[in-house]
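Undergrad: This is what each chain is made of:
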Amino acid sequence: MSLLEVEDLRVRFSRKGGPTTTAVDGVSFSVDAGEVVGLVGESGCGKSVTSLAVMGLLPRRGTTVTGSVRFDGTDLLTLSPGQLARRRGSDLAMVFQDPMTSLNPVLTLGRQLTEVLRTHTGMNRSAAKKEAVELLGRVGIPDPRRRAGEYPHQLSGGMRQRVLIAIALACTPRLIIADEPTTALDVTIQAQVLDLLTALVRESGTAMVLITHDLGVVAGTCDRVNVLYAGRVVEQAGKRELFAEPRHRYTTGLLNAVPRVDAPEGTALQPVPGSVRDLLPWAQGCAFSPRCGVADEGCRSGEIALSGSEHGAGHRARCVHPAEVGV
Amino acid sequence: MNDVLLSVRDLAVHYPIRSGILQRTVGAVKAVDGVSLEVPRGTTYGLVGESGCGKSTLGRAVLRLSEPTAGSVHIGGQDLLALRPEALRRERRRLQMVFQDPLASLDPRQTVESALTEPMAVHGLPGGPSAWRTRVRGLLDRVGLPSNAGSKYPHEFSGGQRQRVGIARALVLDPELLVADEPVSALDVSVQAQVLVLLEELQRDLGLTYLVIAHDLAVVKHVSTTVGVMYLGGLVEEGPSGPLYARPLHPYTRALLSAAPVPDPVAEAKRERILLTGDLPSPADPPSGCRFRTRCPWVQPTRCHEERPQLRVVDGHTADQKVACHFAEDIEAGRILPREVAPAA
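Listed in order, the protein sequences are those of chains A and B.
Its first residue numbered 499, the first sequence is counted upward by one per residue in this note's numbering.
Its first residue numbered 2, the second sequence is counted upward by one per residue in this note's numbering.
If we strip away everything but chain A, and leave its shape as in the complex, we get:
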């Protein structure tokens, strides 16, 4: 049994008098301890909503969450808000994209760190303070003692993201969900932050869910990958298999559309036509089929299952005409 097992997760948002939107439509994946699992997709694919649902951070009003999120055997969806709050911060931690809006601008960094420690571990003030300085040092903040007395606006973006990571690590969580943790950062700083996160996962056996739109970040960081489109997992594979033998036409389309720094000169990009708005409801076939070059009638009817191939049960794709392996 894996540490985190998400099964058939569905999130629906309804508005008074408005239509119901299904943001996440039956997503299943699992994460083991010491493993980085990627959720990849474009805007609106449901990757962030999935992570918020796992953490129980979606607004209660107007939101229906079904399925199960088993963390170490307990279904998080059945916990009361109080029970869940005790889990968050201690067992489960989250790192968001924008560190400026996630940190409190009027509290010192030290205070924001000690708050977590004192709430969840019951440390006294001076022990928490000492631990906070130690944590800041661990995430590579120079002169942590002085920095602990500073406010978020006094730090650069990369430093702020390190502080968020330090807060996430404070109670040695068993699962970290990082939602686009480096999207707001420059490439050189991005490389530093990703190195830091993966090193922490490897050292302490923490499980990590990495949410990103950047296939390059996935290739460098994840062990296993789930590609999402319109609220469903369309391909699920180990990192090497996914990049070496992508099967879903959306995955192959993305890989051919991304410019690469190591591409030979004159390599033409092959754009995916249309936009993520042009989709077919999953109930009527494949949501990607309006943008797909090989879609036919078979793609526009009925349920398309996430199925494995003869090359391995771990590599599954939700596609009627998957790309041939080895072509």
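One or more hints might be untrue.
Claimed, not checked - Partner residues are not named here, just some residues of chain B that face chain A (Cβ under 10 Å, in silico):
hint : residue
1    : Ser159
2    : Gly160
3    : Gln162
4    : Val192
5    : Ala247
6    : Tyr253
7    : Val263
8    : Thr278
9    : Arg294
10   : Thr295
What the hints assert, rightly or not - Under the rule of at most 20 Å between Cα atoms (straight-line distance), these lysine to aspartate or glutamate pairs were calculated in the DMTMM-like manner:
hint : chain 1 : residue 1 : chain 2 : residue 2
11   : B       : Lys153    : A       : Asp776
12   : B       : Lys271    : A       : Asp712
13   : B       : Lys271    : A       : Asp693
14   : B       : Lys271    : A       : Asp776
15   : B       : Lys153    : B       : Asp102
16   : B       : Lys271    : A       : Asp721
Think of the hints as simulated: they come from the structure by calculation, not from any bench.
Every residue gets a Cβ at the ideal spot worked out from N, C-alpha and C, and that includes glycine.
Since the structure of chain A is already known, use the hints to place chain B on it.
TA: Same frame as chain A, but now just chain B:
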């Protein structure tokens, strides 16, 4: 072939820092500090660098949207900085900008057709309203928008379509130079390529010249004929995109390229990262000598601290590739070794 459309010489944009009750100038943020570059007609110059390096300010200064402090900008031989306001306004027909966020650069209460006809009215293009509307329809079709796009409002479009509208708007006055500041960074990955391909087609068909500003090294490589790498207000390296990406000379270019993620796990596992320490220094108080020396793993005593390196050609590289580093040859040959950098420092 040597038809240079845009020529920038020693351009500087300094923003004064005022302080005290008299608002005396106490210093300056040197956003752009001595940049020279040339863009031949029909080619693309890509400016790449991290946030705060001055690339956007440079782009705006080229169009005189930010007033340069020193230096010169020539467009097709015309000195842009010498122009008086009315003459500048007329000259702007030849220079247009494509912005990062097309929604922010379009009026939400104006239909696309009305927004695109306006510049033609402002510049008094011949033909009158009906001819202008025909031109707008032709352009919308050219950038790949449906025929009813003109009567819609900006919010009715998806991100990629909005950027197509932004490009059509820039093309309305039949410009020669397009400055595109992060033209695809707000778009989804699958849509980015559509816009990049469109920009390429338009360049080929209309003979446009581009100055593309972006932080994404792969995007810049893909679109550019020549690439300039900026750091803290200055160019540290410039060269044809192929050779520059294959054999980068400046330590900063090397570090940037080594940090750019590649969608290929095999390449990712093999690559050697050049880690940089610390953050970008403040452009209000740049380091003496080489501006990159505070973060450079190959920094040498004295010379790097005292003398600001100028762009120069290095033996064994094409004459178009120029680097602003005193020790480029020694670094490339491995005669100077990088100092150890603690990974998390």
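Undergrad: Between the alpha carbons of Lys153/B and Asp102/B, is the straight-line distance 20 Å or under?
TA: 18 Å, holds
Undergrad: Does Ser159/B meet its interface restraint, that is, does its C-beta lie within less than 10 Å of any C-beta in chain A?
TA: 4 Å, holds
Undergrad: With a cut-off of 10 Å, does the beta carbon of Val263/B approach a beta carbon of chain A closely enough for the hint to hold?
TA: Because about 5 Å separates Val263/B from the closest Cβ in chain A, which is inside the 10 Å limit, the hint holds.
Undergrad: Given Ala247/B as an interface hint, is its Cβ closer than 10 Å to any Cβ of chain A?
TA: OK, holds: Ala247/B within 10 Å of chain A, min 9 Å.
Undergrad: Holds or violated: is there a CB of chain A closer than 10 Å to the CB of Thr295/B?
TA: With Cβ-Cβ at 13 Å, over 10 Å, it is violated.
Undergrad: Given Thr278/B as an interface hint, is the shortest Cβ-Cβ distance to chain A below 10 Å?
TA: With Cβ-Cβ at 9 Å, under 10 Å, it holds.
Undergrad: Given the proposed pairing of Lys153/B with Asp776/A, does the C-alpha separation stay at or below 20 Å?
TA: Given that 20 Å is the threshold and the Cα spacing comes to 18 Å, the pair holds.
Undergrad: Are the Cα positions of Lys271/B and Asp712/A separated by 20 Å at most?
TA: Satisfied, since the Cα-Cα distance of roughly 19 Å is no more than 20 Å.
Undergrad: Quickly compare the C-alpha distance for Lys271/B and Asp721/A to 20 Å and report which way the hint goes.
TA: 16 Å, holds
Undergrad: With the threshold set at 20 Å, check whether the alpha-carbon distance from Lys271/B to Asp693/A stays at or below it.
TA: 15 Å, holds
Undergrad: Does the interface hint hold: is Gly160/B within less than 10 Å of chain A, judged Cβ to Cβ?
TA: Constraint on Gly160/B satisfied, holds at 7 Å.
Undergrad: Restraint: Gln162/B near chain A, CB-CB cut 10 Å. Satisfied or not?
TA: Given a least distance of 7 Å, the restraint on Gln162/B holds.
Taken one by one, the earlier hints fail for this structure at numbers 9, 10, 14, listed in ascending order.
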